[in-house]
Every structure is written in C-alpha cells, then in structure tokens.
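Turn these sequences into a full structure, and let the hints steer you where they fit.
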Amino acid sequence: MNARLNGPVARSGRDERRRAGGRLATMERQLEYVLRTVEERNVRFVRLWFTDVSGLLKSVAITPAELEDALESGMEFDGSCIEGFTRVQESDMLARPDPGTFELVHIPGEDAPVARMFCDIHLPSGEPFDGDPRYVLKRNLEKARERGFTFYASPEMEYFYFRSATEPEPLDTASYFDLTPSDEASELRKQTIIALESMGIPVQYSHHEIAPSQQEIDLRYTDALTMADNVMAFRMVVKEVAQSSGVYATFMPKPVAGWNGSGMHTHLSLFEGDVNAFHDPVDEHGLSKVAKGFVAGLLRHAREITAITNQWVNSYKRLIAGYEAPVYICWARNNRSALVRVPIPRRGESGTRVEYRAPDPACNPYLAFSVILAAGLRGIEQEYELPPEAMNNIYEMTPEERTAEGISNLPNSLAEALDVMEKSELVAESLGEHVFEYFIRNKRMEWADYKAYVSPFELSRYLGVL
Amino acid sequence: MIMDPFLVYPDPPPPLLVQTLDLAGYAWKAAANASIAGQQEPSDGWGGAVVSAEVDPEGAFVICRALRRRDVPVQPVLILVAGNQLGDLELREDLFDDFCLTPFHPKELEARLRLLAWRAGRATGPEIVEYGDLIINLETYQAAVGGRPLDLTYMEHELLKFFTTHPGKVFTRETLLSRVWGYEYYGGARTVDVHVRRLRAKLGEDHAGWIQTVRSVGYRFGQSRWAAAGGSTRPAPD
Numbered sequence: 001m002n003a004r005l006n007g008p009v010a011r012s013g014r015d016e017r018r019r020a021g022g023r024l025a026t027m028e029r030q031l032e033y034v035l036r037t038v039e040e041r042n043v044r045f046v047r048l049w050f051t052d053v054s055g056l057l058k059s060v061a062i063t064p065a066e067l068e069d070a071l072e073s074g075m076e077f078d079g080s081c082i083e084g085f086t087r088v089q090e091s092d093m094l095a096r097p098d099p100g101t102f103e104l105v106h107i108p109g110e111d112a113p114v115a116r117m118f119c120d121i122h123l124p125s126g127e128p129f130d131g132d133p134r135y136v137l138k139r140n141l142e143k144a145r146e147r148g149f150t151f152y153a154s155p156e157m158e159y160f161y162f163r164s165a166t167e168p169e170p171l172d173t174a175s176y177f178d179l180t181p182s183d184e185a186s187e188l189r190k191q192t193i194i195a196l197e198s199m200g201i202p203v204q205y206s207h208h209e210i211a212p213s214q215q216e217i218d219l220r221y222t223d224a225l226t227m228a229d230n231v232m233a234f235r236m237v238v239k240e241v242a243q244s245s246g247v248y249a250t251f252m253p254k255p256v257a258g259w260n261g262s263g264m265h266t267h268l269s270l271f272e273g274d275v276n277a278f279h280d281p282v283d284e285h286g287l288s289k290v291a292k293g294f295v296a297g298l299l300r301h302a303r304e305i306t307a308i309t310n311q312w313v314n315s316y317k318r319l320i321a322g323y324e325a326p327v328y329i330c331w332a333r334n335n336r337s338a339l340v341r342v343p344i345p346r347r348g349e350s351g352t353r354v355e356y357r358a359p360d361p362a363c364n365p366y367l368a369f370s371v372i373l374a375a376g377l378r379g380i381e382q383e384y385e386l387p388p389e390a391m392n393n394i395y396e397m398t399p400e401e402r403t404a405e406g407i408s409n410l411p412n413s414l415a416e417a418l419d420v421m422e423k424s425e426l427v428a429e430s431l432g433e434h435v436f437e438y439f440i441r442n443k444r445m446e447w448a449d450y451k452a453y454v455s456p457f458e459l460s461r462y463l464g465v466l
Numbered sequence: 001m002i003m004d005p006f007l008v009y010p011d012p013p014p015p016l017l018v019q020t021l022d023l024a025g026y027a028w029k030a031a032a033n034a035s036i037a038g039q040q041e042p043s044d045g046w047g048g049a050v051v052s053a054e055v056d057p058e059g060a061f062v063i064c065r066a067l068r069r070r071d072v073p074v075q076p077v078l079i080l081v082a083g084n085q086l087g088d089l090e091l092r093e094d095l096f097d098d099f100c101l102t103p104f105h106p107k108e109l110e111a112r113l114r115l116l117a118w119r120a121g122r123a124t125g126p127e128i129v130e131y132g133d134l135i136i137n138l139e140t141y142q143a144a145v146g147g148r149p150l151d152l153t154y155m156e157h158e159l160l161k162f163f164t165t166h167p168g169k170v171f172t173r174e175t176l177l178s179r180v181w182g183y184e185y186y187g188g189a190r191t192v193d194v195h196v197r198r199l200r201a202k203l204g205e206d207h208a209g210w211i212q213t214v215r216s217v218g219y220r221f222g223q224s225r226w227a228a229a230g231g232s233t234r235p236a237p238d
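Protein chains in written order, with our numbering: chain X, 1 to 466; chain Z, 1 to 238.
Any given hint could be a false lead.
Stretch by stretch, here's where chain Z covers chain X in the computed footprint (C-beta under 8 Å, at least three residues) [to be verified]:
(1) 35-48
(2) 266-278
With the C-beta cut set under 10 Å, the calculated list includes, among others, these residues of chain X facing chain Z [said to hold, decoys possible]:
(3) Thr63
(4) Glu197
(5) Ile201
(6) Tyr221
Residues from chain Z that keep clear of chain X, each with C-beta distances beyond 12 Å, as calculated [said to hold, decoys possible]:
(7) Asp11
(8) Gln75
(9) Leu78
(10) Leu91
(11) Asp94
(12) Pro106
(13) Ile128
(14) Leu134
(15) Asn137
(16) Ala189
(17) Val194
(18) Arg197
(19) Arg198
(20) Ala201
(21) Gln223
I should point out that these hints are in silico values taken from the structure, not numbers from a laboratory.
Backbone N, C-alpha and C fix where the C-beta goes; we use that ideal spot for every residue, glycine too.
What follows is the structure in structure tokens.
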C-alpha cells in the first residue's frame, strides 16, 4: 500500500485496485463465514464433493481442524484413483473447496449437521485441472458470458424406486398423477423434497410418472453451474432418503423393458442481464433470433452430443419409439415427441425457454450442460437457419416421409454415438482434449464389454432352435 | 444492539464504500447535501457519518461543517481522502473524528469504524440485527428464527442481512446484485430470484412472506418502514 502516499494514482490503476480490494474482502469474508459457521454449529465433518468424468459423485470427509488448511491451499489426493483423472505417474491433485457452495446437511438421527462443499480440482502447480468436469462447464459458461449471456437450466429428473438394487421390483403399480393413500413412493418423494428444499434446492413440481414406481421431480431453474451441482446433490439425496427406508432408487435410463425409461428433459434459456434473450414479442412464435439459432444449433449437433447426454449402453434402450422418448431430430411447440420442444410460456416473457428431451438422469450434468450450450451457441454464432417446425406426429410417418422432410435419427447405440462424437470438432472443443480423449477410450471399452456379452435374449431365442 | 444508520456522502457513494458498509452490516443512507441529510435523518438521529472527499472535496467539507454545527452534532464523522488531499485536513480537525486514505482497504475502514463506535460508546456487545423473531449475529454469522438456527449459504446469509438492515425498502434485482453480490458475479440478475426462493424456503412457510415480490420492480423485505415503525398496516408511499 505504498503507492497511496505517492500522490495521485492513475485512475484505471486505482479502480483496478479497488475492485481487487472488494473481491478480496468478499473472499476473506466467505472463508470466515464457513469457518465460523462450522465452529458455531458444532459441525463434526465436512464433506468435500467432486465429480469424476463418468458423472459419479466423489466425497472426502475432513474434520473442522483440517478445514482451514483445505480452504487455503486445497486438499491433496491421489488423482489416479479417480475415473478419467490422471495416470499413476502424474497422480497428485488438489481438491479446492468452493466456499460459495457451503451448505449444512442434516442427517436423520444425528444431532450436529454435516457440512458439504463442492470442490474444484487443481494441479499441484495451482492450475485448474482440464479433466475436472466442473472446470469444463465453467470454461463453457465463460464463453457464453463473453457474448453477454447467462445460461440457465431446469431439469425434470425421473427415476425409479425398487425393492432392491438387484431386482427391478416396483413399490406400486400406480401411474401418471395417481394419488393413492397407500402410496409408499409418494411418502418417500415428500421426504426427498423436504430434504432438497432444506439444502437450498427448490423443487418446482413433483408427481408419479407413467411407469409403475417411477417418479418425477422438477428442479427450479438456476444458472447452469449451480444446477449441475444441484443435480449431483439431488441424486445423492434421492438415493439416501430411499435407503433410509430400505428402498433402492435408481437413475438407470431404462431399467425395465416395456416400461417408459427415465429421462432428464432439460429446460434451457439464455439471459442478457435481466432480459430473456430467447423472447421476441414481435415474432409469431415469440422466439428471438437468438432462440432460433440456439435451437437450430441443438438440432444440427444433436447426434454429436448424444454420447455425452446419453452415455451408457442402457441409455439407448430408452431412446426408442413408443415410450415418449425422443428418437427423431426435429423441433415443435406442442408436440411431445419432438427432440426439442418450445413450450408456450405461461406468463410473461421470462418464461420463454426450450426443452431438450434427449438427456437421461444418469448423465454427467457438467459435461451434458457444456455440450448442449456449445451446440446452441454455435447455432447463434453461425446463424444457422431454424428448420420448419414438425407438424405431424413424426412417429406415424414412414422412414421415406421422414427423409423427405429432412428428419434424421438420434444415434441407435452407444457405439454409433461414439462414432459421431469422435468426428465432432464442436464436442472436442467444448470438452477439451483431456476429457474428450478419455471419454471416447473409456466408452469404447464399455461397448466392447457389452458386445462380448451373450444376453438372456440370445439364449432364449436361439439356444433352443439353432 | 441495533445501530442507527450512517449518513454517507456523496450520493451515490463510491461502490467499494457501499460494499464495505454492507458487508460489515452497517445500515446507511446517502445524501447529496446537508439539507437532504436533515430531511433523511432517522428519528433517533444519525449513528455517524462517512464522508468521501475524493470527488468533491469542497462539498465534503461543507457537509462535515453542517453536521458539526447542529445543536446535536453528528458523531463520529470519518472522512475519506486521497494522499494528495492530506494537506486539506489541516485546520479542519474539528470537522472529523478520523480519516482513512483512499484507495482504502475495506478491512481498514471497517476496523476504524469499529474503533470509532467503541469510543463513542455505541458498540458494547456483539452486533445483532433483529427483525420480528429473526436474529442475525453479525459477529458469528449465525441467524435464527424463533430460536431455530437457519442453515444458510454465504450468499443467502448476506442477502438476508442486507434485507434485514434495510426493511421496508424496495430494491431492484440489479441493485441487489451490485449491493449484495458485488463485483463480477456471473450468475446474472436472475440469480437474485433463485436466492430469494431459497431464502423463503429456509425461512419456512410462516416467514416466507417477509420477502415480498414487488411486481416488475424487485423485492421488499417486510412491510414498508413506515408501517413497521408505527405498527400500523397503512400502505407505504414507496
């Protein structure tokens, strides 16, 4: 602080120092808030959360005594133990808790709350680590921000309750919107929502889904980074609440053949400050040029990003005709069979949004939001033309009719999705080299294992006759 | 104890000053001159004044003098000056109780204000902000409603503290974003809605109504200040 005694300082330099001073004060206070709260509330464990490339939640518990150190310099761990992070020879990593995500979590039966924070992964040199999905999303959001956009997401999370993790035995045989007094699942759903709300994850809507024992909980929109964190916390909370009642909750995209699968239809919007950039009051559909470009981008790159939004062998058993899952690449306003739906907003302009219906709830939300955003931004940037809205029920058209209308299909299998993704410069750029390369390699192995497996389908159909 | 609000000059005050006062939990009002300061004065008087002499040194000294010449002088007065303005302080020692050099460090300003308040005998215990059965302890960062501790994130805590120290006033999303979040937050203005929703959920059903949505403007915490002060439900002019 010597400079200040040397008379007038250049205006810009002073402003910069002021901003830095403000940021520093906020950071310091944030750390102090976390440390004081841990002390005042008798928190005994702090869970540090991060996500591997496959989208599985990793958690390390530390004691309050270790917290200050972890906040200041990060917590060291062996990155080679985490899927998609590093090889053994370069295994040291730092998990740096993001104090802005600090939340207290109450565990039933425990007096003192547990604290949790999401972490950013850094290299020992202090650089952010390219393989950290949270960092991948931050990089993509930064690109949106450079264009003045904030990206908001609101997913509809579907999942099943089963009696156990080994057999898909449903808790009920109820269906869409059913309300039965003996509905064990609706009690679990209620407890889940209370737990979510108390963790600051507001729920918009919840109901019984179409298939037996299938549930849906819709999360209210937030900025995409917070929402990706929320999706991770959501999956954890749903499973924990179920487990405490001896029930198993699963986000497997298609656990039972012949029933509807579980999707994660995600409502998306871009804002410029306070203004919804998707809305244009003059347009006949109320859609701005930005919205049209975004949708066109999603449609044109849909095949390339499907391996990320639908990343398991099982994901493709959901993406078939006849179960309300999208199959054909088209958009519509009120046609629920379309891949991109543009719901008619209920009130005011802030409601204008587009719904992308491909993702399933077993995706890695950080990576899924990254590629979805990249596809949409590309459409805006290159001013892709929005194809005409699909008017008929596309499922009733013949393949020839669909070809004539220029409607193509989502990939049929993980293998096909990987083939398309591997050629995509958009996905490579959006994910970064590290994640892109690891993802393809890892998923090729998954596909090879699947291909080598002789299924009950084959035995029952072929063994007796061939 | 509840602190009386500070008078801040000029209007609008420098952003870092606003942020520092807000972060430290001080209530304040800005005034562009002495007569406005008189009109804006709360019934219990000003808790002190923070006057920035950076932009308009003359105006700053005029307002300091006016505050000191009243029947009940405003105390304490802290003045913010740049290094090359130090000479201007000479022979004006009666106009202020302390000064701070700009660009100031937020922690330093906070420490000086705390010391001034202590000297003036205004701060004796931990600083507590109250609203109904909501209590926020500014020192421990803990908030409770009806004795029930609230589990808040840092930003939720800051937003609640801001609301509670400015009851009855309507704030736009942009204002809340710049006053509570401060610099370069990239969630966008809709983030305010998200946090308000979370705060309402955590306050619980009985208290969720404290944060009112003012259509096509923004938010207000509690009733208008007139209604709250007088205990009546008369609609507010603001």
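A quick look at each hint next to the structure:
no.	hint	result
1	35-48	holds (count 4)
2	266-278	holds (count 3)
3	Thr63	violated, 20 Å
4	Glu197	holds, 5 Å
5	Ile201	holds, 8 Å
6	Tyr221	holds, 8 Å
7	Asp11	holds, 19 Å
8	Gln75	holds, 26 Å
9	Leu78	holds, 17 Å
10	Leu91	holds, 21 Å
11	Asp94	holds, 25 Å
12	Pro106	violated, 4 Å
13	Ile128	holds, 14 Å
14	Leu134	holds, 17 Å
15	Asn137	violated, 9 Å
16	Ala189	violated, 4 Å
17	Val194	violated, 5 Å
18	Arg197	violated, 5 Å
19	Arg198	violated, 4 Å
20	Ala201	violated, 5 Å
21	Gln223	holds, 25 Å
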